[in-house]
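K.L.:
Can you build the whole structure from these sequences, using the hints too?
Chains as they are written, first to last, in the numbering used here: chain E, 1 to 369; chain U, 370 to 669; chain P, 670 to 912.
Bear in mind the hints are in silico, worked out from the structure with no lab data behind them.
Being a predicted model, the structure only gives us computed values, none of them experimental.
Be aware that one or more of the hints could be misleading.
Claimed, not checked - Here are the simulated lysine-lysine pairs, DSS-like style, with alpha carbons at most 25 Å apart:
1. P:Lys892 - U:Lys649
2. E:Lys365 - U:Lys439
3. U:Lys439 - E:Lys214
4. U:Lys436 - E:Lys365
5. U:Lys536 - P:Lys906
6. P:Lys893 - U:Lys597
7. U:Lys649 - P:Lys893
8. P:Lys811 - U:Lys573
9. E:Lys362 - U:Lys436
10. U:Lys597 - P:Lys898
11. U:Lys573 - P:Lys843
12. U:Lys645 - U:Lys597
13. E:Lys362 - U:Lys440
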Amino acid sequence: MKQFIGFLRKEFLHIFRDPRTMIIIFGIPVVQLMLFGKVISTDIQNAKIAILDQSHDNITRKITSKLLSSGYFVLGEELLPGEDVESVFRQGKVKMVVTFGPEFEYNLERDGKADVQLLADASDPNTARILTNYASGIISDYVKKEKLQNIQLPDQINVEVRMLYNEGLKSVYMFVPGIMAMILMLISSMMTSISISKEKELGTMEVLLASPLKPIQIVLGKVTPYLLLSFINALTIILLGVFVFGVPIKGSFFLLMGESFLFILMALSLGILISTVAPNQMVAMFISLLGLMLPTILLSGFIFPIQNMPLPLRIVSNILPPRWFIVIIRNIMLKGTGIMYIWKETMVLIFMSFTFIALSIKNFKIRLE
Amino acid sequence: MISIQHISKSYKDVQAVRDISFEVQKGELFGLIGPDGAGKTTLMRILMTLLIQDEGKATMNGFDVIKDYKKIRNIVGYMPGRFSLYQDLTVEENLNFFATVFKTTVSENYDLIRDIYIQIEPFKNRLAGKLSGGMKQKLALSCALIHKPEILVLDEPTTGVDAVSRKEFWEMLKKLQEKGITILVSTPYMDEATLCNRVALMQKGKVLNIDTPRKLVENYSRKLYAIKSKEMHRLILDLRSYDKTDTAYAFGEYLHVTGKNDEVEASEFENFLLKKNHTKLQVFDNEPGIEDVFMDLMQE
Amino acid sequence: MNEKVIEVHNLVKKFGSFVANDHLNFDVYKGEIFGFLGANGAGKTTAMKILCGLSAPTSGDVKVAGFDIYKETEKVKRNIGYMSQKFSLYEDLTIAENIRFFSGIYGISPKDRKAKQEILLKNLDIESAKDSLVGSLPLGWKQKLAFSVAIFHDPKIVFLDEPTGGVDPITRRKFWDLIYEASDRGITVFVTTHYMDEAEYCNRVSIMSEGRIEALDTTENLKKQYAAKNMDEVFLKIARNTE
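P.N.:
If you want it as structure tokens, here you go:
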């Protein structure tokens, strides 16, 4: 036990003495969260739109003012019937054109049907989709409230499920779980794999191996400090999410922390596994960044919905631990569900942790290669 | 104390160690002498249980290097070829760390390291990475000794270290030997061979010869001349062009020269060189050193 | 032997309050083999970096190959060669590729390069290995090759930083044959080493200790001055005196 404590003390000294490590551990999470939350936010604000109102009646005017007062849109141009819609787009003046059919109110009252068309500039497909989503949301909201049924909305509008739990369509709600998964994954795996491969690179591992230290002591000694630090990280991210971005925690806080702990453990064992194959720090860093960070961003459902991916990528995403963790956090934080609804995902993470631990112990060499 | 029987080890396409056998007695200071690539490090790593040999058997204090590796790791102190301490920890932190790793404390075995540690103690709060070469070496030795090992294995401890620090280091080893520690040390510096009780001369994975430094020199059978003149480089070239010369190599201020056979007399060299207009010429019989022995064995 | 190729007057280099080079004064002549000795941390590396134009002195006048070290750094670099034990050649390039690369740096025309390359390969007796990766060569070959490449552009001075570490005694001596040849061609050789017997091969040696040059003379004179049998003793006496 004394051996182990001695080892831990050394690890903490390494961490606290290296400014780069400190920055990675405590700086990056905050910066990332701020970046994704504020700057790279996919929320649309003040997007210029054009209105082509062929009816100019009570309802179309109300809908228009609703759209423009939502904060998402500003009026870029008012078009007259017969004006060339395409040229407006080509000049890049507006991102979307909302066209109300002729005799909108009359049609609506008589047939319960009226035409509104949302034309979006799909050269930027993401923005286009978000714009049409927002607009159709606002229109259908208005229609619901005014108890006007059966307005025929454009076909391409489909209101996504997530709107149910994120009425404001705030992307930061989506990003907080994703960033948490990404940062924990990255820091836990990368830092442990680097700190172990560093000893290999500098030759100190040779001395450790030639000492009576057991492999399990070396591994635990490496993991424990990062387990603590990552846990602090998880807390920081959640606190920032709640107090800076107003993300709710509808479910149990303890369940959330418990699941985070499990995820950190999984990531750390993955880090050790990486270090057993990486001969030096550079390779460890490469594997962590390319092998973990990119797939986490692209394939875990963090940014791009998994159900929209082609089948092969969907299959790949299943072996990514963050994919399961993101589902878990979203459920706990945004939906407030309990363990009953996420036990499957939890089991997957437990299974992964054990696999990685088993593999790393098997791979950890008691001798030099 | 150390027993090596027919040890061989290859990496991919290089045979690093070929069929090496020898024994080191308790309390002996044994040297592995040879250039880079001789197989010294590989052999030491096998003994340190860090590598597994392809063939042969080796024991340290009776423990098998493969089966009983855990026991060996408790009784052996090791200093690898590269400086292998934590550069971002202080002198004291390094020492404490290695003490706890070996389940002991600095104070418990302070007697053993006192003479060495006392020299770096004034810098105990300095980061190990900021120490000079000689001090790093003393710290590494202190760390390797902290658990009072029965055997000390040192891989090229004096490489790249200046002559003064080297001399001090060997004095420290002698003192440790007096305390009953068996020491296996490797070095590429031939002159350090004379400081060992016995040495194995190694080259390209093979042992050329094993003996006491004195016997090795005594067994050198050839006649060796030391030759000097005012123009040393021309002297080498001229001697090499002489048909009675076998080898002519620079050794400090003299050349060491052997004839094609032992009948070649000093006067023959002298006459030849005088004809070549060499001035301040000195030619005399010379006692060989380990380096002469090594070079002679290399050429066989 | 009277043309000065290195002139150092009152060279001082400080790092903060630490004086790495304390008023160094020495000259090195054309074609000379100059041994630059000293204990670890005595300030050899610092001085060598300054002479190679890699670091500026705090004060003092330094001329290398006739050029001022402050103002004509580029010209200095063009006229010197450098080889150290740690880095000299790219291990993942072949011998010919390395030569082509270094020729390119020093602006040697392809025609000259080809001619010189042939001589080099022939001298080292490695014509057959022209297209082998440097990494696959034995250490002794690498060092000889590295030296030959360092003087490929016929510099006035070549700096050798512990060039013979770790090689066997025969290879080490063969390496010195190359140094002598370069010196015969008029190239000044400025060399550091931990082998004291190698100090004897130098025309003159300087011994540094704690940032100062404590002794500078021919080995013969130094041995007389310190009443020592060999350079090893001279070195030890100087180092012990200043402690």
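K.L.:
The structure should be examined with respect to each hint, and the outcome stated for every one.
P.N.:
Hint by hint, here is what the structure shows:
Annotation: proposed proximity of P:Lys892 to U:Lys649 holds, straight-line Cα distance about 17 Å (limit 25 Å). Between E:Lys365 and U:Lys439 the alpha-carbon distance is near 14 Å, which keeps this suggested pair within the 25 Å criterion. Pair hint U:Lys439 plus E:Lys214 holds up; C-alpha atoms about 9 Å apart against a cutoff of 25 Å. Among the hinted pairs, U:Lys436 with E:Lys365 is consistent with the structure: their alpha-carbon atoms are about 15 Å apart, no more than 25 Å.
A C-alpha spacing of about 12 Å is found between U:Lys536 and P:Lys906, which places the hinted pair at or below 25 Å, so the restraint holds. In summary, the hint linking P:Lys893 to U:Lys597 is supported, as the alpha carbons are separated by about 17 Å, within the 25 Å threshold. Restraint check for U:Lys649 and P:Lys893: the C-alpha separation of about 17 Å stays at or below 25 Å, so the hint holds. Distance restraint check for P:Lys811 and U:Lys573: the Cα-Cα separation of roughly 17 Å lies within the 25 Å cut-off, and the hinted pair is therefore satisfied.
With a C-alpha separation of about 18 Å, the suggested pairing of E:Lys362 with U:Lys436 holds against the 25 Å cut-off. Between U:Lys597 and P:Lys898 the alpha-carbon distance is near 15 Å, which keeps this suggested pair within the 25 Å criterion. In summary, the hint linking U:Lys573 to P:Lys843 is supported, as the alpha carbons are separated by about 18 Å, within the 25 Å threshold. For the hint pairing U:Lys645 with U:Lys597, the CA-to-CA distance comes to about 14 Å; that is within 25 Å, so the pair holds.
In summary, the hint linking E:Lys362 to U:Lys440 is supported, as the alpha carbons are separated by about 22 Å, within the 25 Å threshold.
In terms of the numbered hints stated before, the structure departs from none.
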